[in-house]
Amino acid sequence: MSTSEKPLGTQPLGKDEMAALVARDIPAGSFVNLGIGQPTSVADHLRADQGVVLHTENGMLGMGPRPAPGEEDPELTNAGKQPVTELPGASYFDSAASFAMMRGGHLDVCVLGAFQVSAGGDLANWHTGAPDAIPAVGGAMDLALGAKSVFVMMTLFAKDGTPKLVPSCTYPLTGVGCVDRVYTELAVFDLRPEGVVVRETFGTSYDELAARLEVPLLR
Amino acid sequence: MTTLCADPDEAVAEVRDGSTVLVGGFGMAGMPVQLIDALIRQGATDLTVVSNNAGNGDTGLAALLAQGRVRKVICSFPRQADSWVFDGLYRSGEIELELVPQGNLAERMRAAGAGIGAFFTPTGVGTPLAEGKETREIDGRTYVLEMPIHGDVALIGAHRADRAGNLVYRRTARNFGPVMATAATSVVAQVSEVVEIGDLDPETVVTPSVFVDKVVAV
Chain A
12 MSTSEKPLGT QPLGKDEMAA LVARDIPAGS FVNLGIGQPT SVADHLRADQ GVVLHTENGM
72 LGMGPRPAPG EEDPELTNAG KQPVTELPGA SYFDSAASFA MMRGGHLDVC VLGAFQVSAG
132 GDLANWHTGA PDAIPAVGGA MDLALGAKSV FVMMTLFAKD GTPKLVPSCT YPLTGVGCVD
192 RVYTELAVFD LRPEGVVVRE TFGTSYDELA ARLEVPLLR
Chain B
13 MTTLCADPDE AVAEVRDGST VLVGGFGMAG MPVQLIDALI RQGATDLTVV SNNAGNGDTG
73 LAALLAQGRV RKVICSFPRQ ADSWVFDGLY RSGEIELELV PQGNLAERMR AAGAGIGAFF
133 TPTGVGTPLA EGKETREIDG RTYVLEMPIH GDVALIGAHR ADRAGNLVYR RTARNFGPVM
193 ATAATSVVAQ VSEVVEIGDL DPETVVTPSV FVDKVVAV
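As you go down the protein sequences, you meet chains A and B in turn.
Going by the numbering used here, the first residue of the first sequence is number 12, and it counts up by one from there.
Going by the numbering used here, the first residue of the second sequence is number 13, and it counts up by one from there.
Don't read these hints as lab results, they were simulated from the structure.
Glycine is no exception: its CB is placed at the ideal position from the N, C-alpha and C atoms.
There may be inaccurate statements among the hints.
So the derived list for chain A, only partly shown, Cβ under 7 Å to chain B, looks like this [stated by the list, open to error]: (1) 64; (2) 106; (3) 141; (4) 153; (5) 199.
Next up, chain A with everything else stripped away, as it sits in the complex (with noise of 0.2 Å):
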């Protein structure tokens, strides 16, 4: 059976099902921003009657697809530095100009990829700690805080099963209660000033993950 036939709901979602749930949610006319990994795959997804704009850090509003082979232009690029095309209606500006757009709260929706979340809505997701990391930040912190909606994709537990959703997060901060909303393979959370509130549930239900993380849910 492929993806598109399984009935939303009943097992958790696949990646491009998640990066779908986040297109789907996006509303029509919204300046938006994706990050860098998970969240640049949500643009495939976003219909073009959505009349979605895709802002990108480097410099860009109007930012289109990925070129055709050998049509790739080292002069346009997006935030990951990888080939992109413009779209009618598409404009450039400098770096200055690309981060007023987002901390003077211009952009509508910018979706993030993350270590973890807390339920407070505070975001770790430039830097695990690890003495050994090189630290990088980009443009994380100053999306976080920018945009009017934040977005964040993850899987819900970390591969040594540790829920991504904690009280507190114990990797350093990108921002304090800057989230909205938490897209997961299992269910979409909305953080809310009177808590977390489970939206949707993926093969799995409100009393299993209320057993299963550390912060109070409601429904």
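Please arrange chain B on chain A, whose structure you already have, making use of the hints.
Frame of chain A; chain B shown alone:
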């Protein structure tokens, strides 16, 4: 008054040991590779380099680092798949790193170029990158104080210049060029073409000539 240089070596001849050098580019897009190669030949050392990344592969900024000529890097994203030169120097303690969120990096240079003494930003508040810095609550939100970054020299890449020193850029190679051009005592731009005065539409000029000291076509 902008000087047209015959070659990149003439353009970087006056860089001194111990200088702070702003280097344009986001990855390789906009990186002034020929100016950096000339700086390697020129010999200035004990440099502080301010750039978004810390070099890719073995060319450009990575080549300058590999020559042992850089004491400190101020950047937002040193770690990349092809940053082996920086990674090796950092792990062996041969280079100092000041990690700055990318928006703060741009804004600190913008502040330097605009004559702003310092500024309060929300970026980094509550994270290790704001530790030890002054914070202030303004209208219910917490901000951290960040200081300007001023360069002795800026080396940037642009698309075209006119003989007066006005610059236009191309696509995402613009990135840090315009802000770095405002933030250094001496600004050197490499371009693919120098055109006559009047051949650039004034409405399209991104970096006005007042910011540019030297131009070289490569």
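Going down the list of hints, with the structure as the test:
A least Cβ separation of about 16 Å between residue 64 of chain A and chain B goes past the 7 Å threshold, and the interface hint is therefore violated. Against a cut-off of 7 Å between C-beta atoms, the interface hint on residue 106 of chain A holds, since the closest Cβ of chain B lies about 4 Å away. Using the Cβ-Cβ criterion of 7 Å, the hint placing residue 141 of chain A at the interface with chain B is not satisfied: the shortest such distance is roughly 12 Å. With its C-beta approaching chain B no nearer than about 3 Å, residue 153 of chain A sits inside the 7 Å limit, and its interface hint holds.
Using the Cβ-Cβ criterion of 7 Å, the hint placing residue 199 of chain A at the interface with chain B is not satisfied: the shortest such distance is roughly 25 Å.
Going down the numbered hints, you'll see the structure goes against 1, 3, 5, while the others check out.
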